[in-house]
Amino acid sequence: MLVTTAITVVRTRSLFAIVMLSGVFSLLSALLLVTLDAVDVAFTEAAVGAGISTVLLLGTLALTSRFERPVRRSPLPPLIVVLVTGAALIYGTMDMPNFGSPEAPAQTHVSPDYIQRSPHEIGVPNIVTGILASYRGYDTLGETAVVFTAGIGVLALIRLLRRRRDGEGNTKEGASLMRHHLILRVVTKLLVGLIMLFALYVQFHGDYSPGGGFQAGVIMAVAFILYGVVFSLDQVQMVLPPWLVHKLVALGVLIYAGTGIYSFFVGFNFLDYSALNPQHPEHGQHYGILLVELGVGITVTGVMVAIYYAFAARPPILSDEEW
Amino acid sequence: MFELAAIAIFIAMVFVLIRLYSGPTLYDRVLALNAFGTHTVLFIGILGFLTGRPDFLDIALLYALINFVGTIAILKFFRYRAIGDISSNGTEDETEIEVES
Amino acid sequence: MLEEFTWPFIVGHLNYWLFIVLMMTGLYIVVAKGNLVKKIVGLNIFQTSVFMLYISMGKVTGGTAPIFPIDLNIDPDVVYSNPLPHVLILTAIVVGIATTSLGLALIVRIREEYDSIEEERILEIEQAIANAENQRHGQAMGGRAT
Amino acid sequence: MTTFEIALSVLGWLFILSGSFFAIVGAFGIWRFPDFWSRLHAASITDSAGVILLLVGMAIEAGLGLVTVKLVIIGVFLFITGPTATHAVANAALVSGLRPHEAPGLTGAEPDYQSDPDDS
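Chains as they are written, first to last, in the numbering used here: chain A, 21 to 343; chain B, -5 to 95; chain C, 3 to 148; chain D, 20 to 139.
You may find that some hints are simply not true.
[Said to hold, decoys possible] Output of the computed footprint for chain C on chain A, the stretches with three or more beta carbons under 8 angstroms from beta carbons of chain C: (1) 42 to 56; (2) 155 to 167.
[Said to hold, decoys possible] So, partial list: chain C residues that the calculated Cβ filter (under 7 angstroms) puts toward chain A: (3) Lys41; (4) Leu55; (5) Ser103.
In short, the hints are calculated from the structure, not lab data.
Predicted model, so just to flag it, every value in this text is computed and none were measured.
Quick reminder that beta carbons are idealized off the backbone N, C-alpha and C, glycines included.
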């Protein structure tokens, strides 16, 4: 099914349908990830692929055009390149271990160690969370910083022009476009709170069940985006003004790095959460993971909402012939 | 028995996907997308029981929410060509709103 | 060489091949299609198939999701899948969406500058700009440097 | 295992099997029906009958506990979002000027909507 979806993406020319197909693609891949036991990853993929990236792609389409022009070049050279690369990769898989074999090198080196040690050292049932926040805390700090940087990049690219356009006075449109959709509005009011509640559950229950800061951040952002889509941008920004979002983005990274630096001062290694409770290192780990996940969650929420604001607030350029 | 249900839902998902690929109008595709999401939720639920880890239901819950958001965003975008407030041709849209409300 | 292709070998490697086919589809979209938004979608497909390749390497037959029972009473007989790829991919997905959004923002800016998101059209415009500049510089230098 | 438990388990089976039957019927309808409006009917079969039966069946099989609570929450969510999304799709299609095929001689009143100038 994945392959057919991908091939349909190649063949379809309406970019709009492509957005939907890419949503389906990520739903399908998340399904596959569930069957492969990667519950946390499926969680993230579902929230990101079907929620955020659909909205972002739509936002781009709103600002650009909706149809793809046929390419005049011959498709043959890229096809040859692709086939050769594919053949090389398949040749490379010949030496790979069989699917699911417990003797594969990937299973025998580091990970059994993690699986055996994490219940005693960290005491968090979800091994993925434990590794993410504690054993590989440096990595995760780096990833958070990357997300932070990407958010800043997007803002730098498309925020600035908006201010210039504000002077022309054509961005003020009055109340929501969807003011007449009564059912949608009522249901949305009902759902936004529930989604936020669910996000908090995912955030703080991430130690025990699939979930954690990344997922919770995305879900929280989806709640705001839903509100913004059904009501209006102005109304979301009353709840969560852009300046606050920008502060939040930085605050999350600060919380994460601050946890590390605190352990510095108490005399432990950077990001060694035992520092938070030296008498009970395990409790220290719990606190540390909670704090760090909180930082990740805040940053991800902030970045996603900021990107949504940036895309949604941008006035499209009039060109009706491309619709 | 759970296997049977899983296979049934899987076949159902294939049907919906065919409609999604070939749907003549955009609304057919959106409808199929929505139905596909519902099927996915059910499938993950069944899958959780099949593997004996019913805590997978969190994911099903998430799908139910995200799918809704996606559908609404697509419809709103298609209708107004914007995910924010600003439509590209304000006048036409405003007359539409007057008529509808 | 051919005697390697026993039935267990094929079944055991089918997952890799499937993901490679997907990956190549994504690559084909990126290389062959001119529309920038479509290229981004192709990039996403490529990315996702790499993720799945990683995750499938971490799967252990008969294993279950790497989450202990809530009371930490660990049954030593239960096999857990490898949690390490999960961690790597988890963060990679979020970073992936961040970079995707950066790419989309770039597309929006390109569209505002060039009024098009087709690669060929952009190249044409760039060529035209370069020609015009060459001409201007050429005139400034007395028509010798073209 | 008492008789009651066996009966409960059989009941769960029945629910799940009939639920998957409805799911498959709905999907088949989405695939085979001739136009958008009739497909809408087919889609609602899955949204209502399929979801209820499957979730109730799963809840019976799981027994009382956190799992059942989650199943109920999923059911509530699907019950809120499903009809709303279908309503939104149908509304958008109607406004855009998509009309069902009508039997000859049977013309319904045209809704008082101005059709969208840019329908697809």
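Hint by hint, here is what the structure shows:
Counting residues of the stretch 42 to 56 of chain A whose C-beta lies closer than 8 angstroms to any C-beta of chain C gives 7; at least three are required, and the coverage claim holds. Only residues whose C-beta sits within less than 8 angstroms of a C-beta in chain C count toward coverage, and the stretch 155 to 167 of chain A has 6 of them, enough to reach three; the restraint holds. The interface hint given for Lys41 (chain C) is broken, as the beta carbon of that residue sits about 10 angstroms from the closest beta carbon of chain A, more than 7 angstroms. Interface hint at Leu55 (chain C): violated, since its Cβ lies 9 angstroms from the closest Cβ of chain A, which is beyond the 7 angstroms cut-off.
Hint on Ser103 (chain C) holds. Least Cβ distance to chain A is approximately 5 angstroms, under the 7 angstroms limit.
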